[in-house]
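Chemist: With the sequences and hints as input, model every part of the structure.
Chains as they are written, first to last, in my numbering: chain A, 1 to 416; chain B, 1 to 79.
Source of the hints: derived by calculation from the structure; they are not laboratory data.
With a Cα cut of at most 27 angstroms, we get these calculated DSS-like pairs of lysine-lysine:
no., chain 1, residue 1, chain 2, residue 2
1, B, K78, A, K134
2, A, K175, A, K226
3, B, K78, A, K29
Away from chain B, derived, C-beta distances all over 12 angstroms, residues of chain A:
no., residue
4, T3
5, L185
6, R189
7, A190
8, T202
9, R240
10, W266
11, E303
12, P331
13, R345
Predicted, not measured: the structure shown is a model, and the values here were computed from it. Just so you know, even glycine gets a beta-carbon here, dropped at the ideal spot from N, CA and C.
The chain contents come next:
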Amino acid sequence: METRTILHSDLNNFYASVECMLEPALRDKAVAVCGKAEERHGIVLAKNDAAKRCGVTTGETIWEAKQKCPGLVIVEPHYREYIKYSQYVRRIYNDYSDQIEAYGMDENWIDVTASKRLFGDGSKIANEIRERVKFELGLTVSIGVSYNKIFAKLGSDMKKPDAVTCITQENYREKVWGLPVCDMLGVGRAASLELNRYGIRTIGELAHCNDALLACKFGVNGARMKRFANGEDNSKVMPRDYHVPIKSIGNGITFLSDLHSNDEVWAMILALSDKVTSRLREAHKKARGVSLTVKCCDLAYKEWQGTLEYPTQSMGDVAHRCFALFMQNYPWVKPVRALTVRAIRLVDDTIGEQLSIFRDIEYIERNEKIDQTVDEIRRRFGWNALQSAATLKLDKLPQNEDEIDLTMPTGMLLFA
Amino acid sequence: MARKVYVRVNADFYPDGEVRPRVITWIDGHRYEIARILQCIRAASTKVGGCGIRYTVSIDGKQSYLFREDDRWFVEGKT
Ligand SMILES: [Mg+2]
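Modeler: Printed below as a string of structure tokens:
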């Protein structure tokens, strides 16, 4: 088999970089992208290099981050921009290969084995991509070039930002074997601690580890980790039209003041379902289930899930199911502070549906037409052009509109 | 400092998908005829942020950038 050439391209500080690219005034400041301060998401989601240098880390609270870095500028996340720019970057990769596999929103493997005759060797292609992303999109990537996915990914972590690292069959021993085992994809946290207990700290030590010990401690996974450490990883880069499925689409609001009645809750559920189902239609998905999260005024929260009768992307279906969950389960001992509606167990909306004699097809089709019309009107005149009557009298909605909570794929397909 | 200014643009859309801007209407209503398009590439605006298709246009003998960002147009306005 021909030696493959695989790139792993990683957008540097992705969320923070997009914010700084869109707003040049942020560029020379320490910036952290954080969930809303007044909610439980008031934590650092991403930061730029200046913030990193002050010791700001992902996952800590805004308060902690500000202690370390008093000048820190906090910005809210703009997920739709991130999704947009993640697609723009993939469009550049597209010029070099049709095997592009996403790993989260900001990382991709690109198999360029077949494109080398056209574009030059792996490092030349990687540098061209790096330059184009910078010039065309104002973002930076670090790219690892290697003959397998595992080493390509390791390479992209070695030098950043805006850099290319090549790991070849000749130099991998010097470049890779000194790194700690936990840096390697396929070695989880638990496995890495366990390996450390047996004195195996580096990838090189793993590469030479006794087979019997690995088999005894880790089963088949042990042998696989050892193969990876030796660069023996044959997993394919998936074709570009393969999409890692979006797991769920949710939308939540924390209210300006507590809700006290079923009517108010119903109106909120409608408004949230409206957002969620419009995203579903955008993503060409239908939901087979919903989940409703309710937070009371004492901040305790509960989540309930329910199945939908048929896969749907219609606002009414999602809203009614959620409201039914609420009515069945919420004891109304305390007023409601926050609600989140999520569409779960998603399927493609192009998949043919099973017919059922109990289902009123005409009713469903009529609903779909209404939804399409609503989408079209909003596309032309903006989101607020149309609202449910029940939501019109709402005065407890926070001003902010952008509260999309897309659960992004994080699964690794390598072992599938 | 430059600032991002969205502007009204009259453009010609060709059957092959090419788009050529013709006239820029400034916020005060003044119309600027684009004499020539010198270059058209995808690029980020390092001055005002954002990115899109960047047209280098010649107006009254002066060159400037005009960006097409999705369905909107902007220029790097001087303040
Ligand atoms: Mg990254």
